[in-house]
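Protein chains in written order, with full-length UniProt numbering: chain A, 1 to 532; chain B, 1 to 202.
No lab work stands behind these hints, which were simulated from the structure alone. Where hints are given, some of them may not hold.
As a list, the in silico PhoX-like pairs of lysine-lysine whose alpha-carbon atoms are at most 25 Å apart [claimed, not checked]:
(1) Lys336/A - Lys158/B
(2) Lys518/A - Lys503/A
(3) Lys336/A - Lys33/B
Here are the computed distance ranges between Cβ atoms for each label pair [stated by the list, open to error]:
(4) Arg248/A - Tyr32/B: 15 to 23 Å
(5) Thr228/A - Pro77/B: 19 to 27 Å
(6) Gln172/B - Lys336/A: 46 to 54 Å
(7) Ser170/A - Ser37/B: 27 to 35 Å
(8) Lys132/B - Asn445/A: 26 to 34 Å
(9) Lys33/B - His398/A: 12 to 20 Å
(10) Glu119/A - Asp173/B: 50 to 58 Å
(11) Gln55/B - Gln303/A: 21 to 29 Å
(12) Glu113/B - Glu119/A: 35 to 43 Å
(13) Gly160/B - His397/A: 38 to 46 Å
Note that the structure is predicted; figures quoted are calculated from it, not measured. Here a beta-carbon is modelled for each residue, glycine too, at the ideal position from N, C-alpha and C.
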Amino acid sequence: MADSGTAAEGKAAPALAGGEAVGDELKDDTPGVSGEVMLVNTDSFEECNHDLDTQFSGGEDGPDSPLRKVQREQENELVGGMGNVSLAEEEGKQGSEGSGEAVAAAAADDSEEECVDEEYLHSPEWIQKEKHVFILSESGKPIYTRYGKEDRLVTLFGLMQALVSFVADSEDVIRCIVAGDHKFVFLVKSPMILVGVSHSVASIPQLIMQLTYVHNQIVSVLTGSALTRMFEKRRNYDFRHLLGGTERLLDNLLNMLDSHPSFLLGGVQCLPLATATRDTITQTIIQYCSKIKNLVFGLIICQNQLISLVRMKKFLLHPADLHLLFNLVNATESLKTSENWMPICLPKFDPNGYLYGHVSYLADDCEACLLLLSVDREQFFTLSEAKQKIVDRLRRHHCLEGINTAIRTSAYTVGAVGAPELRHFLYKSKTTAQFTCPEYTAPYNTPEQQRQLFGLYQQLHHRVHSVSRPLKMVYMVMDTHTLLGWVTKEFELYATLEPLVTKHNAIVYINKLLRWIKNEENKLFILSSPTF
Amino acid sequence: MDRKMYRKVDMKVVMLGQMSCGKTSLVERFIYKRFNSQYQATIGAAFGACCVTVQGCEVCVGLWDTAGSERYNAMSPLYYRGAKAAVICYDITDDESVERAKFWANEIQLHEEECRVYLCGTKLDLVLQDPKARQVDLHDMLDYAETINGRLFETSSKTGENVQELFNTIVQDYVGDPKTDLSAPQDSSFRLHTQRIREKCC
Ligand SMILES: Nc1nc2c(ncn2[C@@H]2O[C@H](COP(=O)(O)OP(=O)(O)OP(=O)(O)O)[C@@H](O)[C@H]2O)c(=O)[nH]1
Ligand SMILES: [Mg+2]
Chain A
1 MADSGTAAEG
11 KAAPALAGGE
21 AVGDELKDDT
31 PGVSGEVMLV
41 NTDSFEECNH
51 DLDTQFSGGE
61 DGPDSPLRKV
71 QREQENELVG
81 GMGNVSLAEE
91 EGKQGSEGSG
101 EAVAAAAADD
111 SEEECVDEEY
121 LHSPEWIQKE
131 KHVFILSESG
141 KPIYTRYGKE
151 DRLVTLFGLM
161 QALVSFVADS
171 EDVIRCIVAG
181 DHKFVFLVKS
191 PMILVGVSHS
201 VASIPQLIMQ
211 LTYVHNQIVS
221 VLTGSALTRM
231 FEKRRNYDFR
241 HLLGGTERLL
251 DNLLNMLDSH
261 PSFLLGGVQC
271 LPLATATRDT
281 ITQTIIQYCS
291 KIKNLVFGLI
301 ICQNQLISLV
311 RMKKFLLHPA
321 DLHLLFNLVN
331 ATESLKTSEN
341 WMPICLPKFD
351 PNGYLYGHVS
361 YLADDCEACL
371 LLLSVDREQF
381 FTLSEAKQKI
391 VDRLRRHHCL
401 EGINTAIRTS
411 AYTVGAVGAP
421 ELRHFLYKSK
431 TTAQFTCPEY
441 TAPYNTPEQQ
451 RQLFGLYQQL
461 HHRVHSVSRP
471 LKMVYMVMDT
481 HTLLGWVTKE
491 FELYATLEPL
501 VTKHNAIVYI
511 NKLLRWIKNE
521 ENKLFILSSP
531 TF
Chain B
1 MDRKMYRKVD
11 MKVVMLGQMS
21 CGKTSLVERF
31 IYKRFNSQYQ
41 ATIGAAFGAC
51 CVTVQGCEVC
61 VGLWDTAGSE
71 RYNAMSPLYY
81 RGAKAAVICY
91 DITDDESVER
101 AKFWANEIQL
111 HEEECRVYLC
121 GTKLDLVLQD
131 PKARQVDLHD
141 MLDYAETING
151 RLFETSSKTG
161 ENVQELFNTI
171 VQDYVGDPKT
181 DLSAPQDSSF
191 RLHTQRIREK
201 CC
C-alpha cells in the first residue's frame, strides 16, 4: 500500500493542484457553492463534533432571538405539565406493553429471570455484534440497549456506571478505552451516560459523534429541561416510562448511523429535482404559510432527502436537527395514513423547548412527507387547512407527479459522470451543508460490500479530519481500490477508484467529476434559501 | 380525485388510555376497516375523521388518537378540550391498564363536563381464544362505568367485534341528546377535508 499523504502537488491539472490556492482559483466553478444559507453549515468534522453538543441558538442573530421569547412562555406551561407526571404511580410497573404477543413473551421471560446478564455475555452472537450502544442513568439504571433487553443487563450497566464514576472521582471524564480491536466510548451527559462498544473501523471521534446523535434523539423526544427536571426530582427515576415508544427511533437512528453518509458528513442530501418543479413547490409552501404566525419551518422530505425547506427569516435549521426529522419520518410507518400533531424538540434549535409539528404525507399517491413546525400548539387546524391547500395546488401544477417521478428516477449512478475508473464518491458542499452521491453500483452490489465501502469512507474521513494531523488531501493506493479524500474551504470530496488507476488519470477523473457536479448543481443542491 | 370538499367536523371524539392498550388499532378498524398486529407507538397524536349516519343524520366524527406515553400528559387537554365523547381504553388482558383508564375518566369528569365517557375493554379476541388471558373482570368494570355515569364496551379490533357498535352508540347518544344542535356545529375552526375519508369508509 502506497500512502502518499498530501499527494498530487503542483504539476497536475490546474483544478487539482494543491491546497488553498486551488480552492480560490476554483471558486467560481466549485459545485454547489452558495452565499444563501438555509442550513447551518458546519465547517469541519471537529467543529461539527464539538458543535453537536453545544447548543446552537437557531437564530442568525444570537441566542436571544424573538422566537425564543415567544417560545419561552409556551414552554413554561408544557414543562410545568411534565413535572406533574406522577412518579409514584409509575414505580415498578414497567414494560406493560400488554399485547397478546407481549404477554406471552413476558411469561417466557419470567422463567428465565435467574440467568440475567450471563446469558447475553455468554452468547457469541450478542457479543460479536459490530456495535453495541447502551444508555443508562448516572445512577446506573438501564435505559436502553441496542441489542437484547436492557433489564437483563443490570450487572453490565452497573459496571459501566462504576467506570464512569471511578474516573469522575479524580475530576476527570472518561472518553474511551481501547482493548484489542474493540473501542469503548463514553459520553457523559448528565443525567445520562451513553456507551458505545464497537469493533468496526469507525474512529473514536466518529463514535462519540454517533453517541451525541443518540443523545440528541432522546432530547428531541423529551427536551433537555424535562430530562434534568425528572432527574432532580428522583435520582432513581426509571426513564423508560417517559421514553416508551422511543426505542424504535433509537434503533432506526443507529441503523442509519452505520450506513448513511449524511451523519458522517454533517450534511443533507436533496432529492434531485428540476429547478422549476422545486421552485413551484417552494412557492406553494410560501403562498399558504407565510401568513401563519408562529410557523418556523415548513419542509417536504422523502426517503431521507430534502425536497424543499422554507424557514422563518432569521432562523436556520441545523443539519443535525434535520437528521432527527428524517429519522422520525423514516421510523414511523403510521404517519403515512394519518394527520399527526406532535411535540418535537430540535436540540440544536432549542434543547429546552418543543416545536409542534403537523406531520403528514402529501397524498395517498405521493410518498413525500410535509412537516410544518410551529411554536403554537393550538395551531393544528390552521396548519391542516394550509396543508390541504398546498397539496391541491401542487396537484394542479403536477408537482406530485414531478416528485413521484423524481423518487423513481432521479438517483444517478457514477456512470453518468463519464469517468470510467471512478467507482463511487461523496461530495459535500460545505457552504450549503448539502451533499450528493451516486447509487451503489459494482463492485458495491451487496450490503456487505456497501458496508465495507462505508467503512473506507469513515477511515478516509478520519484521516483528513485527524485532530493531530489534519490533511487537505489523502491519496491511497491499495490492493483493491484507490482512495482519494480532498478537503477545501468549499467542499469535501471522498472518492474510490480502480486500484490500478494512474495518478494522472485519477486527477483527470476528479476534475471531470467536479465539472459534472457543477453542471448538475441546480438539480442536486438547493442553492437558494427561501423564507416565509 | 381533485374534488375539493371541506366540511365541518360535527363531533370531536378523543381516544385515551395506556400505551399499547389498542387505541390506534380501534381507530384503524373503525375508519379503515383494517388491523395491523405490529405495534408502533403513536407519537403525539393522530387526527382522523369518519362520517357515520344514524337516524338519517350524517355526523362527521373527528377523532383524536392520542399517544399513551406519559410524556405527552401535558398536551392531552389540547386533545380532549371540547370533546363530546372520550373513548377511554384499557386492555382486558392487562389489569394494570385499568388504573390508567380510571385516571383518564377522572380527568375528563373534572375538566370536561359535556364529554361523555365510553370505557372500552380492548383485545376481546384474545380472551375468546383463551379465557385465561382475561385479567379484567367485565362486571367490575360495568360497576365502575355506572359510578362514573359512563358506558362500557368490550371490543376486538382484530375481528372488528363491537367496534362499529361502539361508535354508532357514541354518535346516537350525541344526536339523541336534546342539547345537541346539529344545524350549527360548535366550532367553526374544525373544518377539514373529508374526501379521502369518504372514499375509504362508510
Ligand atoms: N389481538 C389483538 N391485538 C390488538 C387489539 N388491539 C390492539 N392490539 C395490538 O396491541 C398492540 C398495541 O396496539 P395500538 O393500537 O398500537 O396501541 P395504542 O393504544 O395506540 O398505543 P400507543 O399509541 O402507544 O398509546 C398492537 O400490537 C396491536 O396489534 C385487538 O383487539 N386484538
Ligand atoms: Mg397509538
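Exercise. Quick one: which hint numbers does this structure break? Sort them smallest to largest.
Key: Of the numbered hints, 6, 7, 8, 9, 11 and 12 do not hold.
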